[in-house]
Structures are given as structure tokens and as C-alpha cells.
Amino acid sequence: MNRRLLATFLLLLSMISSSWCEKSCQTCAPLTPEECPLINECNICTETTFTRRQNRNGCQEVTISCASGSRVILELSNGHSVSRKAATLGSFSCQSNGRWQLNGLNYTEKNVKSASCYTASPDRQNSPINLVTQRAIRDLDLIDFTINYAPNDGDSISWGGNATTFTIKSRAPYTNSKFSATQTDGVTYNLYQMHAHWSHLGANGSEHTVDGQRYVAEFHFVHFDPEYGTFDNAVGKENGIAVIAVLAELGKRNAEFDKILNAIKKGDAQDSVAGAHTVNGVNFNYRKLIPGRSQFFTYTGSLTTGDYNTCVDWTVMRYPITVSVQQMSILYSFHIDNHRENQSVLPGTIIRKNFA
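Going left to right, the sequence shown walks through residues -21 to -1, 1 to 335 as mature numbering (1 follows the signal peptide of the UniProt record, and there is no 0) numbers them.
Simulated from the structure, these hints should not be mistaken for laboratory data. Watch out, some of these pointers could steer you wrong.
[Said to hold, decoys possible] List of simulated lysine to aspartate or glutamate pairs, EDC-like, C-alpha gap at most 16 Å:
id	residue 1	residue 2
1	K332	D190
2	K238	D134
3	K267	E235
4	K267	D316
5	K157	D123
6	K332	D134
7	K216	D286
8	K216	E206
9	K332	D123
10	K157	D190
11	K332	D118
12	K216	D164
As the structure is a prediction and not an experimental result, all values here were calculated from the model.
Assemble the whole structure, with the sequences as input and the hints as a guide.
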């Protein structure tokens, strides 16, 4: 009998709680009945405030603010609530430490990340992809783009053996060259290494394409968040990896690229034995291989080699640099066809740009 009374009491309590939550959603937040179930914290009135407006993209936008000052901006599109990083809003709540929580994961105000980073396999975040200019969302908030690369920061260049590309490592502990931008949520990244992708003579081998156009090669500047300590620890983690991709087209000889190729030729001449090669002290300027015009696309994807780990913040520069036919022929003599083909742009992927 006591058990029945207890069960009845708990049922009534849950009904009262549920009714209170629905009422609070209606009276405290300007949300529609469809949006209301997405915010399922019963103490929502005391913890949060809501404002709604139409943003520059024409979407309804709801700003949810915690009493502690932390906030998250959500875009409402086709009846679904998604963050700017494509995370489906399932459960939102404010935390006492000044952070907010989405789907059980803690975030800060500027740290809006896709929840799929933590649970999804690589088929949820693909790279490389085709970037369609007219479909990319223009985001006027993408105003911060800072590259502080130290000259002559290349510690060593490696190639040959099982490697399919050359890799230039920065000088440990990788604190001389840094990158930060709005799309990296305010994180300042350390430059870890640079490498390239290409195809073969007579073919284009960039990994990303723009409006269906493939370029002759693509340079990747790979950064990691120093909060994780090492590059390996940062792979696959929230805010872990950020890559700047620079496309290259055939044209004028690139003097800075020559310095890399000369190091490779010098190493090959010194060691005629086939296999892996490493030359220390590569004197060139990373920054001179990045276009001066800071227009770019950005999205969250994956690495394009190895295990294709997700949670990679991509910045793909809109304008290419030039390299000569002679320079590319040196790469072809070393290796061919080391690029990954375009992957499907899956639902939920948001591609943004900082230009009209």
C-alpha cells in the first residue's frame, strides 16, 4: 500500500513539474511551442533570458543569456534550432561556473562547437569538400584574422620513405608562430607543421575545390591548441586543430617555395640512398606562402589523412598563390597523387565566408 501511495505521489509530482516547465517556457521565453521542448531545464526562468531578432542571414536568431553573463546565439531555421557551428540544440542550461551546457557538454560564450565532434564518426564531418561561393553564408562577424608567424621558424623538413608529402616542422615547443581568428572561437593556436597535396603532371591536385574548380596544389598550415600540451593530444578534441588551406595555381615562380624545394634537392644530393630524409634548419617564411588578401571560407571538418579525425576548424583562403611548372615538376619527381578527393557535404555542415 505504501508503495502504491509513493508511486502515485511521484506521478503527481512529475505532472506538476512538467506542467510548470511548459508554463515557464511559454511565459518566460519568446519561443514557439515547437521550440519549447528543446529547452528542457525546469529552472529556465531564473537562470536565463531570451531575446529574438532576425539576423543578417535572414534567419530568426535567439540569444540565450545566463545570469552569470555567458550566452549562446542560436539560429532557428526550418523549425530547427542550431548553433553557428551546426550543433542541434537538445538540452541547454546555465552553469554556476559561468559556462553554459549543451547536450551535456560544457561551453563558454565564444566556444560554440558541434556536438557531433564528440560522438560522431568521420562520416559526420568530411574534408575536403567543394566550396560553393553562392551557397556559403556571409558572416560579418568573421573580422578577426591574425597570423603571427616568426620568420625562419622551420626547424626541419622531412620527405621520402613512406611519406607521401614533405612536412616542415616548426621549432619546438611550437610557440613562435601563432594564428587566431573569429572562427576559432578566440583560441590562439600554435603552428605545428606545414605540408602540401598535389596530383601529377597535367592534372590538378588540390584537395578543396571552389565552385567545382580544382587547383594544381594545396598547402596546409596545421595548428594545435596549446592547452592540450601536444599536437597528438589535440587531435580530435574540441578546439584542438585548426588548418589554414592555401590553394595554388600555375603561374609565376614562387620565391619562398623555392627555398623549400632547394632544401629537398640539397638533401637528395647529399644522400643518394633511397628512403626517408630530414634536413634541419629550413630558412623560409611561412607567412609569405599565404595570400595577402584575407578573404576565406570556413567550416568544421576532418583531417584529410590518417584516421580522418574530426573537429578540425578549416580556413580555406579564397585567392590562390602561384607556383611555376618547374617547381611542380620537382614535386612530381618526389611523389604523385597524394590528395584526397572531395567528400560529401553532409546535412548540418555550415560553410561561412567573410566576403560578399
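Tell me the hint numbers this structure goes against, listed in increasing order.
4, 6 and 10
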